[in-house]
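From just these sequences and the hints, can you work out the full model?
Protein sequences, first through last, are from chains A and B.
Here this note's numbering is used: the first residue of the first sequence is 1, the next is one more, and so on.
Here this note's numbering is used: the first residue of the second sequence is 1, the next is one more, and so on.
Watch out, some of these pointers could steer you wrong.
Claimed, not checked - SDA-like cross-link-like pairs, simulated, lysine to any residue; straight-line CA separation at most 25 angstroms:
#, chain 1, residue 1, chain 2, residue 2
1, B, LYS223, A, ASP7
2, A, LYS116, B, ASN222
3, B, LYS223, A, GLN22
4, B, LYS223, A, SER45
5, B, LYS156, A, ALA15
6, B, LYS223, A, ARG64
7, B, LYS223, A, GLN74
8, B, LYS156, A, GLN39
9, B, LYS156, A, SER10
10, B, LYS156, A, VAL42
11, B, LYS223, A, GLY12
12, B, LYS223, A, VAL13
13, B, LYS223, A, MET44
14, B, LYS223, A, PHE17
15, B, LYS223, A, ASN18
16, B, LYS223, A, ILE21
17, B, LYS156, A, SER3
18, A, LYS116, B, ASN212
19, B, LYS223, A, ILE41
20, B, LYS223, A, ALA9
21, B, LYS156, A, VAL14
22, B, LYS223, A, SER90
23, B, LYS156, B, ASP107
24, B, LYS223, A, VAL62
25, B, LYS156, A, GLN11
26, B, LYS223, A, MET98
27, B, LYS223, A, SER3
28, A, LYS116, B, ASP107
29, A, LYS116, B, GLN217
30, A, LYS116, B, THR211
Quick caveat, the hints were computed from the structure, so don't treat them as lab data.
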Amino acid sequence: MLSVPRDLASQGVVAGFNYFIQMLTLSGLLNKDNFAYSQGIVTMSNLTMFLPNSQAALDSFVARTVNASSARLQDIFNYHIVNGTVHYASDLVAGRSMKTLQGNNITIYIAPNGTKYANGAQILTTDYLVVPGVIHVIDG
Amino acid sequence: MSPDGVSAFSLDNLACSSTRSSPSHSCPTTVTGYEPSLGPASCSFSSSVEQVYCEHLDRHVATKSRGTWWRLDTFAMKFAVPFLLALCITVVDAQFTLLDIIRQTNDLSRLYTIINESASLTSLYTSANEFTLFAPSNLALGIYLNSTTGRPNQEKDLEAAIDYALAHGVFPSVEATTIEATTTREYITSFLTNIRYTNVTGGQRMIMRKTNTGNVQIESGNKTISFVRTAVRNPYPLPSPLPITKLTRPRIYLSVVAWSTLSIPCSVSLEILLHKEWSRDLTTSFKCSP
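In structure tokens:
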């Protein structure tokens with residue numbers, strides 16, 4: 001039986017994206033004060049998300065977000081989201097550049113050994129199909 | 001990855017390469033002993049070219065043997081041709097639906113029951129064309145139902161799952177010798193468009209690929225892997241060299257061509273058309289007089 005893709009939150013829990021969930025919790029972006037922002041993300045269409053999920057990513061996030069404003073935190077999360085086009089694994093070819101919600105681009109590099117990188121972060125797992133599009137897991 | 005930081009990864013150290021592969025096709029193909037039902041009758045007449053185009057036969061006639069088809073055409077020749085002195089082409093359209101095929105397949109009885117009990121699913125499965133169905137077997141569906149019983153929205157979730165099993169496009173059966181394994185991924189658009197379950201333009205996707213051992217895999221939500229266990233093909237037997245790849249509405253065209261009434265030099269051709277590309281291979285012609 002094919003499994004119907006889940007929404008972002010449910011997928012995060014089921015797949016055990018625990019480092020990322022910790023980042024979200026620490027950020028407070030799931031609080032009611034940021035409801036409009038979080039709702040805006042989950043209701044997007046044709047979304048590609050590069051989801052950081054590693055201890056290093058969590059450590060880096062904590063170090064960079066001490067006393068950070070909501071706007072700054074949103075910027076950080078927005079930098080991991082491409083809105084408007086679903087870039088599946090086969091689209092992550094060398095040199096592919098995608099504009100993020102934050103405004104900067106994510107560019108795909110491929111190492112000689114075939115390892116793929118999104119800017120400086122290694123792409124660990126690709127193609128988690130979700131309601132609004134696709135998630136690729138990165139290490140930072 | 002930091003939005004304002006410089007990437008620690010140096011492009012200079014890399015030999016960039018594309019890993020994109022050409023798309024592969026795979027899939028279904030085997031149902032036997034199927035008896036088609038036919039669509040409603042309709043006829044049109046074009047006097048300018050002295051041609052009668054008939055698309056007819058009701059369900060009663062359609063469910064009979066092929067001998068009946070011949071008797072029908074004999075009838076047409078006796079009564080229609082003498083008056084028209086024209087070219088008469090009788091087209092019999094055997095429009096059996098996907099739901100018909102599911103009903104005739106033993107291991108899909110649970111799927112049939114679910115579809116039959118849902119108006120929206122029945123509508124989809126009787127009208128869909130140009131599709132590939134990744135049909136859950138009775139076992140697969142049983143496991144799914146057991147694991148979801150009592151969940152809120154179970155009925156809607158089930159409908160979504162059945163929508164999701166139906167994909168746009170016709171994907172030929174996988175030939176082990178012609179498809180590259182593992183690296184080839186095909187992103188297929190499903191008929192699941194309910195915004196509750198997908199916000200992807202055109203319909204939610206699934207991923208089709210092939211393993212090193214030649215098995216077809218379908219990857220769906222949460223990286224769930226399903227294997228194609230049994231292929232379902234069109235119900236009519238075809239010559240063995242022809243790959244049976246199209247799970248769509250086959251048609252039977254029965255043609256009667258006559259040029260006069262009494263001297264009756266006529267020819268009758270029988271064409272079974274399951275797939276446009278195959279029509280040449282499946283056409284048989286008869287001549288009843290020199």
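Here's how the hints hold up against the structure:
{"no.": "1", "hint": "B:LYS223 / A:ASP7", "in the structure": "holds, 14 angstroms"}
{"no.": "2", "hint": "A:LYS116 / B:ASN222", "in the structure": "holds, 21 angstroms"}
{"no.": "3", "hint": "B:LYS223 / A:GLN22", "in the structure": "holds, 22 angstroms"}
{"no.": "4", "hint": "B:LYS223 / A:SER45", "in the structure": "holds, 20 angstroms"}
{"no.": "5", "hint": "B:LYS156 / A:ALA15", "in the structure": "holds, 23 angstroms"}
{"no.": "6", "hint": "B:LYS223 / A:ARG64", "in the structure": "violated, 32 angstroms"}
{"no.": "7", "hint": "B:LYS223 / A:GLN74", "in the structure": "violated, 28 angstroms"}
{"no.": "8", "hint": "B:LYS156 / A:GLN39", "in the structure": "holds, 23 angstroms"}
{"no.": "9", "hint": "B:LYS156 / A:SER10", "in the structure": "holds, 17 angstroms"}
{"no.": "10", "hint": "B:LYS156 / A:VAL42", "in the structure": "holds, 20 angstroms"}
{"no.": "11", "hint": "B:LYS223 / A:GLY12", "in the structure": "holds, 13 angstroms"}
{"no.": "12", "hint": "B:LYS223 / A:VAL13", "in the structure": "holds, 14 angstroms"}
{"no.": "13", "hint": "B:LYS223 / A:MET44", "in the structure": "holds, 21 angstroms"}
{"no.": "14", "hint": "B:LYS223 / A:PHE17", "in the structure": "holds, 14 angstroms"}
{"no.": "15", "hint": "B:LYS223 / A:ASN18", "in the structure": "holds, 17 angstroms"}
{"no.": "16", "hint": "B:LYS223 / A:ILE21", "in the structure": "holds, 19 angstroms"}
{"no.": "17", "hint": "B:LYS156 / A:SER3", "in the structure": "holds, 14 angstroms"}
{"no.": "18", "hint": "A:LYS116 / B:ASN212", "in the structure": "holds, 22 angstroms"}
{"no.": "19", "hint": "B:LYS223 / A:ILE41", "in the structure": "holds, 22 angstroms"}
{"no.": "20", "hint": "B:LYS223 / A:ALA9", "in the structure": "holds, 16 angstroms"}
{"no.": "21", "hint": "B:LYS156 / A:VAL14", "in the structure": "holds, 20 angstroms"}
{"no.": "22", "hint": "B:LYS223 / A:SER90", "in the structure": "holds, 15 angstroms"}
{"no.": "23", "hint": "B:LYS156 / B:ASP107", "in the structure": "holds, 23 angstroms"}
{"no.": "24", "hint": "B:LYS223 / A:VAL62", "in the structure": "violated, 29 angstroms"}
{"no.": "25", "hint": "B:LYS156 / A:GLN11", "in the structure": "holds, 19 angstroms"}
{"no.": "26", "hint": "B:LYS223 / A:MET98", "in the structure": "holds, 24 angstroms"}
{"no.": "27", "hint": "B:LYS223 / A:SER3", "in the structure": "holds, 8 angstroms"}
{"no.": "28", "hint": "A:LYS116 / B:ASP107", "in the structure": "violated, 42 angstroms"}
{"no.": "29", "hint": "A:LYS116 / B:GLN217", "in the structure": "holds, 23 angstroms"}
{"no.": "30", "hint": "A:LYS116 / B:THR211", "in the structure": "holds, 22 angstroms"}
The structure fails hints 6, 7, 24 and 28 (numbered hints given earlier, in ascending order).
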